[in-house]
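*Asks:* For the protein sequence lines, the chains are A and B, in the order given.
For the first sequence, this note's numbering gives the first residue as 150, with consecutive numbering after it.
For the second sequence, this note's numbering gives the first residue as 150, with consecutive numbering after it.
One or more hints might be untrue.
Capping the alpha-carbon separation at 20 angstroms, the derived lysine to aspartate or glutamate pairs in DMTMM-like fashion look like this [to be verified]:
| hint | chain 1 | residue 1 | chain 2 | residue 2 |
| --- | --- | --- | --- | --- |
| 1 | A | Lys319 | B | Asp193 |
| 2 | B | Lys319 | A | Glu179 |
| 3 | A | Lys319 | B | Glu162 |
| 4 | B | Lys319 | A | Asp275 |
| 5 | A | Lys319 | B | Glu219 |
| 6 | B | Lys319 | A | Glu242 |
| 7 | B | Lys327 | A | Glu299 |
| 8 | A | Lys327 | B | Asp297 |
Some residues of chain A that are not near chain B, with every Cβ distance over 10 angstroms (derived) [unchecked claim]:
| hint | residue |
| --- | --- |
| 9 | Pro200 |
| 10 | Ala215 |
| 11 | Asn239 |
| 12 | Ala274 |
| 13 | Glu303 |
| 14 | Leu309 |
| 15 | Gly311 |
| 16 | Glu314 |
| 17 | Arg320 |
| 18 | Leu336 |
Derived from the structure by calculation, the hints contain no laboratory data.
All C-beta atoms, glycine included, are put in the ideal place defined by N, C-alpha and C.
Number of protein chains: 2
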Amino acid sequence: MTSDRIADRKIREKQARRSQILTSARRIAEAEGWPSVTVRRLSDEISYSQPVLYSHFENRDAILAAVALEGFRELGVDLEKARLRSAPGNAVERLAASYLRFAESSPAMYEVMFSLGLSLPFGVADTPSELRHGFSQLLELFNGRNADPEVVAELFWSNLHGLVELTRTKRLPRSRQKERLRILVELFTVSR
Amino acid sequence: MTSDRIADRKIREKQARRSQILTSARRIAEAEGWPSVTVRRLSDEISYSQPVLYSHFENRDAILAAVALEGFRELGVDLEKARLRSAPGNAVERLAASYLRFAESSPAMYEVMFSLGLSLPFGVADTPSELRHGFSQLLELFNGRNADPEVVAELFWSNLHGLVELTRTKRLPRSRQKERLRILVELFTVSR
DNA sequence: CCATCTTTTCTAGCGTTGCTAGATTTTCTA
DNA sequence: TAGAAAATCTAGCAACGCTAGAAAAGATGG
């Protein structure tokens with residue numbers, strides 16, 4: 150029968166290749182944009198033919214979705230750190246700044262998470278914890294301090310996301326960004 | 150020499166065909182999504198061969214950009230109407246509701262305006278008035294009533310845009326939308 | 001009215017994309 | 001070491017945006 154050693158090695162190799170695909174996709178996207186992340190290019194990067202990619206992912210979108218999932222995991226971690234490091238008075242500011250920094254420093258990652266029209270399992274029965282975790286950090290800010298913390302957190306997220314998107318797509322100039330952060334924090338700190 | 154009548158007729162015909170292209174693009178997008186709006190499909194719709202499209206627009210993106218421009222014009226008109234019809238106390242709510250209604254009722258149009266990565270001449274020297282007009286309506290809400298009306302208007306826009314995008318892409322459930330509008334209006338009505 | 005020049009339109013095709021069927025090679029098992 | 005099983009590759013399809021050069025249609029001057 151099949152030796153476990155061999156099966157294990159195969160699994161390890163497959164895992165390594167999968168992660169190589171995702172790393173390459175991310176690097177190319179951040180350097181040249183998502184349209185440059187083609188299946189052919191990725192197969193070149195990992196030195197395998199195209200069909201091999203399809204034994205890892207159903208299609209190109211699934212690759213992008215996997216990268217996006219990594220992004221949500223990382224954003225969640227960032228936000229949690231920011232929250233834990235915050236003093237009672239400045240939590241809103243810390244999280245807002247952290248969110249904006251994430252989007253600013255990895256625009257391609259932010260794009261794949263929110264703007265490429267990928268359908269991720271948000272708001273379904275078995276929504277992965279990575280997808281919930283980020284929002285939980287925002288929710289934590291308003292829990293107990295507001296009449297409807299859920300809605301306030303959703304609006305906080307919306308405001309941050311809108312600001313990021315309008316800036317990234319040049320609908321808003323990058324100039325007054327610090328001022329915008331200040332007023333945004335004020336808006337959600339008064340809160341009711 | 151060329152009769153002016155003939156030249157005029159040609160211009161009219163060209164104009165008519167251009168508008169036919171845009172109307173078709175819009176209809177197909179709203180019915181089947183933007184990926185279905187291909188150059189081949191559009192050339193079918195207007196009963197001309199593909200190259201004719203390229204005598205009207207430089208490339209596919211230019212077609213989409215032209216549709217987007219129409220969208221900004223229409224949104225600007227909607228917002229202006231909402232503002233003019235509003236009573237002193239409910240202007241913020243009227244505009245917010247109007248904005249959300251526009252996005253909700255023409256999701257493909259909203260998508261091409263904001264989410265398809267088209268570069269429109271925002272924030273340059275000769276930014277078309279259509280592109281400014283919408284934002285002007287938002288700015289009008291806060292002018293004179295806030296320390297920094299420009300920034301508050303930008304944040305109001307960001308919040309609305311973020312809410313639209315997160316809803317459209319299913320990051321937020323559609324359910325509590327009315328409640329969200331209520332709190333959003335509250336946030337920007339207290340304003341400072 | 002016809003011949004010529006200009007403009008408009010079409011045919012046909014290039015290069016690139018995502019994706020896949022079927023052949024081929026490699027690896028494992030007995 | 002032969003044969004089965006798994007992994008991988010070659011080669012190609014259909015659809016895309018876009019364009020060069022041929023063909024057709026329209027306008028102009030004699």
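*Asks:* Hint check: B:Lys319 vs A:Asp275, CA-CA at most 20 angstroms. Holds or violated?
*Replies:* holds, 15 angstroms
*Asks:* Hey, is A:Gly311 genuinely clear of chain B, shortest beta carbon separation above 10 angstroms?
*Replies:* violated, 3 angstroms
*Asks:* Taking the minimum C-beta separation from A:Glu303 to chain B, is that value above 10 angstroms?
*Replies:* Answer for A:Glu303: violated, closest chain B Cβ roughly 6 angstroms.
*Asks:* Would you check whether the claim that A:Leu336 is not at the interface survives, using Cβ distances to chain B and the 10 angstroms cut-off?
*Replies:* With a cut-off of 10 angstroms, A:Leu336 comes too close to chain B, as the shortest Cβ separation is near 5 angstroms.
*Asks:* May I ask you to check that A:Ala274 keeps its beta-carbon over 10 angstroms from the closest beta-carbon of chain B?
*Replies:* Non-interface label stands for A:Ala274: nearest chain B Cβ at 13 angstroms, farther than 10 angstroms.
*Asks:* A:Lys319 and B:Glu219 were given as a pair; does the straight-line alpha-carbon distance stay at or below 20 angstroms?
*Replies:* Holds, at about 19 angstroms.
*Asks:* Would the non-interface assignment of A:Ala215 survive a Cβ cutoff of 10 angstroms against chain B?
*Replies:* holds, 17 angstroms
*Asks:* Was A:Glu314 rightly flagged as not at the interface, with every chain B Cβ beyond 10 angstroms?
*Replies:* Non-interface label on A:Glu314 violated, nearest chain B Cβ at 6 angstroms vs cutoff 10 angstroms.
*Asks:* Compare the distance between the alpha carbons of A:Lys327 and B:Asp297 with 20 angstroms, and conclude whether the hinted pair is satisfied.
*Replies:* OK: A:Lys327 and B:Asp297 at ~13 angstroms, within 20 angstroms.
*Asks:* Verify this label for me: A:Asn239 is non-interface relative to chain B, using a Cβ-Cβ cutoff of 10 angstroms.
*Replies:* Holds, since 19 angstroms exceeds 10 angstroms.
*Asks:* Hinted pair, alpha-carbon criterion (20 angstroms max): B:Lys327, A:Glu299. Please report holds or violated.
*Replies:* holds, 13 angstroms
*Asks:* Non-interface claim for A:Arg320: all C-beta distances to chain B beyond 10 angstroms?
*Replies:* violated, 5 angstroms
Checked against the numbered hints given earlier, this structure breaks hints 1, 2, 3, 6, 13, 14, 15, 16, 17 and 18; the rest are met.
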